[in-house]
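Enquirer: Can you make the complete structure from the sequences, with help from the hints?
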Amino acid sequence: MKDPSEALHSAPVDPMTTHPVTVRKVIWENDDTFTLTLDMNEAFEKFSFLPGQFNMLYVFGVGEAAISISSDPVKINTIEHTIHRVGTVTAALAHMKKGNVIGVRGPYGAGWNLDAAKGKDVCIATGGIGLAPLRPVIYSLLKNRDDYGRIVILYGGRSPLDLLFRVELEKWEDEENIEVLVTVDRADSSWKGHIGVVTSLLSYIKLDTRNTIAYVCGPEIMMKYTIDELVRRGLSDEQVFLSMERNMKCAVGFCGHCQYGPTFICKDGPVFPLPRIRSLLDRKEL
Amino acid sequence: MEKENLTDLLKQHPFLHNVSDEHMQTLIGCASNVRFPDNAYLIREGELANKFFLIRTGRVALEIDVPGKAVLRIQTAGPGEVLGWSWLISPYRWHFSGVAVMDTRAIALDAECLRNKCETDPAFGYEMLKRLALVMEKRLEATRLQLLDLYDMTPSGATS
Amino acid sequence: MYLIENKDLEQLFVTLRRKGFILVGPTVKDGAIILDEIFSSENLPKGWTDIQSPASYRLERRSDDALFGYVVGPQSWKNFLYPPRLKLFSAKKNGKSFTVETNHKAPPPKYAFIGVRPCELSALKIHDEVFYDGKFADAFYSDARKQTFIVAVNCTEPGGNCFCASMNTGPRAIPPCGTFDISLTEMIDVGTHHFILEVGSEAGEKIVNEAEHRDATPQEIERMVETMASAATSMGKSLDTKNIAQLLNDNVEHPEWDDVGKRCMACANCTMVCPTCFCSTVEDVTDLTGEHAERWRRWDSCFTSDFTKVAGGNMRMSTRTRYRQWMMHKLGYWHEQFGTSGCVGCGRCITWCPVGIDITQEAKVIRESSVVQET
Chain G
48 MKDPSEALHS APVDPMTTHP VTVRKVIWEN DDTFTLTLDM NEAFEKFSFL
98 PGQFNMLYVF GVGEAAISIS SDPVKINTIE HTIHRVGTVT AALAHMKKGN
148 VIGVRGPYGA GWNLDAAKGK DVCIATGGIG LAPLRPVIYS LLKNRDDYGR
198 IVILYGGRSP LDLLFRVELE KWEDEENIEV LVTVDRADSS WKGHIGVVTS
248 LLSYIKLDTR NTIAYVCGPE IMMKYTIDEL VRRGLSDEQV FLSMERNMKC
298 AVGFCGHCQY GPTFICKDGP VFPLPRIRSL LDRKEL
Chain P
10 MEKENLTDLL KQHPFLHNVS DEHMQTLIGC ASNVRFPDNA YLIREGELAN
60 KFFLIRTGRV ALEIDVPGKA VLRIQTAGPG EVLGWSWLIS PYRWHFSGVA
110 VMDTRAIALD AECLRNKCET DPAFGYEMLK RLALVMEKRL EATRLQLLDL
160 YDMTPSGATS
Chain L
229 MYLIENKDLE QLFVTLRRKG FILVGPTVKD GAIILDEIFS SENLPKGWTD
279 IQSPASYRLE RRSDDALFGY VVGPQSWKNF LYPPRLKLFS AKKNGKSFTV
329 ETNHKAPPPK YAFIGVRPCE LSALKIHDEV FYDGKFADAF YSDARKQTFI
379 VAVNCTEPGG NCFCASMNTG PRAIPPCGTF DISLTEMIDV GTHHFILEVG
429 SEAGEKIVNE AEHRDATPQE IERMVETMAS AATSMGKSLD TKNIAQLLND
479 NVEHPEWDDV GKRCMACANC TMVCPTCFCS TVEDVTDLTG EHAERWRRWD
529 SCFTSDFTKV AGGNMRMSTR TRYRQWMMHK LGYWHEQFGT SGCVGCGRCI
579 TWCPVGIDIT QEAKVIRESS VVQET
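Chains as they are written, first to last, in my numbering: chain G, 48 to 333; chain P, 10 to 169; chain L, 229 to 603.
To be clear, the hints were calculated from the coordinates, so they are not data collected in a lab.
Heads up, some of the hints might be wrong.
Claimed, not checked - Listed next, the stretches of chain P that the computed footprint assigns to chain G, with coverage defined by at least 3 CB atoms under 8 Å from CB atoms of chain G:
(1) 24-30
(2) 63-75
(3) 97-103
(4) 151-161
Built from N, CA and C at the ideal position, the CB exists for glycine as well.
Expert: Next comes the structure, spelled out in structure tokens:
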């Protein structure tokens, strides 16, 4: 335990202040998901983040939302946030255009443990907007492709039009020696791909279950079923990492909103090794 | 020659994993090797369910034709999976259509042949039923998840 | 240890005020003993005591003139170091951009807390742990806390809902309670009225030196120690804390949660009066022109229906699960998060719950009918 009297003698950094940054680009991924590219040079000397971390994005006078960073960690002048329009703040963010200014503070949270995957196969299982916080992981893995064995991406979406980063996924599959399996919940007759839940994709790949690290991100039930299926196929809890989500207000462990059992999702998470929260996942309404 | 090849193919299919040699012999008489090009229908909604397919390669999409709306594809079956169980349950009619979305190879088992063998050899019948029950359970679980529409985050008065 | 006569106590107040401290202490107002700015020992609740039981609080006249003859009221020192409303920043539009001005230009207040009970010392120590986690610190709390002067008061007469002895946070201000600058134990009897005074810091020593006092005799000290030992055995309530975090973890679906869930009104009184509860929310507002924005922090409670709202739903949908969260956090998760219990046994939540829900009783029921029986 650190010595609390330390704080009483040092000048603390005010974590609740936001920094204005300019929107450089807006791309609409589907009907209600968009990616903002932000210029970090104006407000930050050298902004850097770990895959899996998030920022608090502020719209002047409206409020803040916790959004994962979805860009390549190597790019330091700009970062990207892929946002699902679902409430007041995200709706306000959806109105941003190139040249508008929003506030940013961060990065916060524990990121994906990439060291755990060195020398192993990697299985990324994700659905919906869950691919966004994993995109920085994929970039990082590809940057050092030889450090890893097989890389398999299992990605599920509601329908073909809802799938994110399709062009990038295809490019990665063609150019970078990774396997990409995509599925949707429903489609019309123009879709020739898989239709079904993400877990069903596991039937089509043979994972070397003793040598695979899994990164899982998506709606909580989807993650639970995916984890059950991975464990059923032979992965141990220690081989699985997942990203949790809860209501966040301060993002620094003071406001109490994001508590999940004894953990604070904002600072102990959002990424957890499965053993840490295994007992919590089964509880209802935690 | 072909019969032996067929036996090998049957043995390799996960649905028949660990099936006894005796039961395999029972089955083989109902089996044939089939192939469907892209866009060919394996089964059609409403028609008599007279075949049971073990998919070897390729992919089959299950379709439902909703009057007034476009055809909806609700699930796919791929390598190692099976298509259809209505052949076992009276009145033996398909509830949906199945179309190949790429070149697909499968083993077709004649339904009437299979049903007869299940009746005359209860041990064999039970074995088939156990395996089908497993398939149905997995399919049901998957369907339930699909029903939840997990990716739809329509808010109920969300604030951020 | 020293002894200071009742008539000389005022000198401590005078010295503190002269040194620029804002004195905050207990005083009677609207039928309760609240915490407010005070100016002299005359403002203290002389001759008053409080009668507390589940859902009940009354003041009564004492037969003597004790200055500290009561326990705790509805407020705690968190009202001052962690105010119910605090502006975090203001911002104003600047063409397409905006500029943020932080709020900490005003110097932090210099408080002298008079009459801090041992349970409250522990609560302050807990908040020291909460508001500084090694990476981030709450600026207002840190700045104000650094310079707060603490005059602690030991409880010679524990209250009807008190259980500090169970939580190892009182009734006497000794470790593991938090630290103080000065502590007082009021010794009042027919014909005598004085305080046994312990100094806890250099700053405390300096203040004491400016008041008339003498060394306490061994007999006087012994009387104080005996009084405090007796106080420890006359608590209104008790709570068995043995393995309580594990106990609660084992009983996540215990039917008692259903029972308390029906009684609890989710009014959030308990979280407001609790000296360790720290949940807050952030509000971003603008003025009518839209040119100026402010960010405010205000107290929040895990009992509110929106507390766990996320896109797609509300994680804790019922009062049952919210009460469970509050109690499991306070008595259980807190250990893993901050290394101590979150409860200091002050009993406020029992007093101020309109339906008299008693945390000690809830813990007892669950322990006695636990799903996992202790061997």
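Enquirer: Verify this for me: three or more residues of the stretch 63-75 of chain P with a beta carbon less than 8 Å from a beta carbon of chain G.
Expert: As far as the stretch 63-75 of chain P goes, the hint holds, because 4 residues have Cβ atoms under 8 Å from chain G.
Enquirer: Would you check chain G against the stretch 151-161 of chain P, counting CB to CB pairs closer than 8 Å, and say if three or more residues qualify?
Expert: With 8 residues closer than 8 Å to chain G, the stretch 151-161 of chain P meets the three-residue bar; holds.
Enquirer: Do three or more residues of the stretch 24-30 of chain P come closer than 8 Å to chain G, measuring C-beta to C-beta?
Expert: violated (count 0)
Enquirer: Are there three or more residues in the stretch 97-103 of chain P whose C-beta lies within less than 8 Å of some C-beta in chain G?
Expert: With 0 residues close enough to chain G, the hint is violated.
Hint compliance for this structure: hints 1 and 3 are broken, all remaining hints hold.
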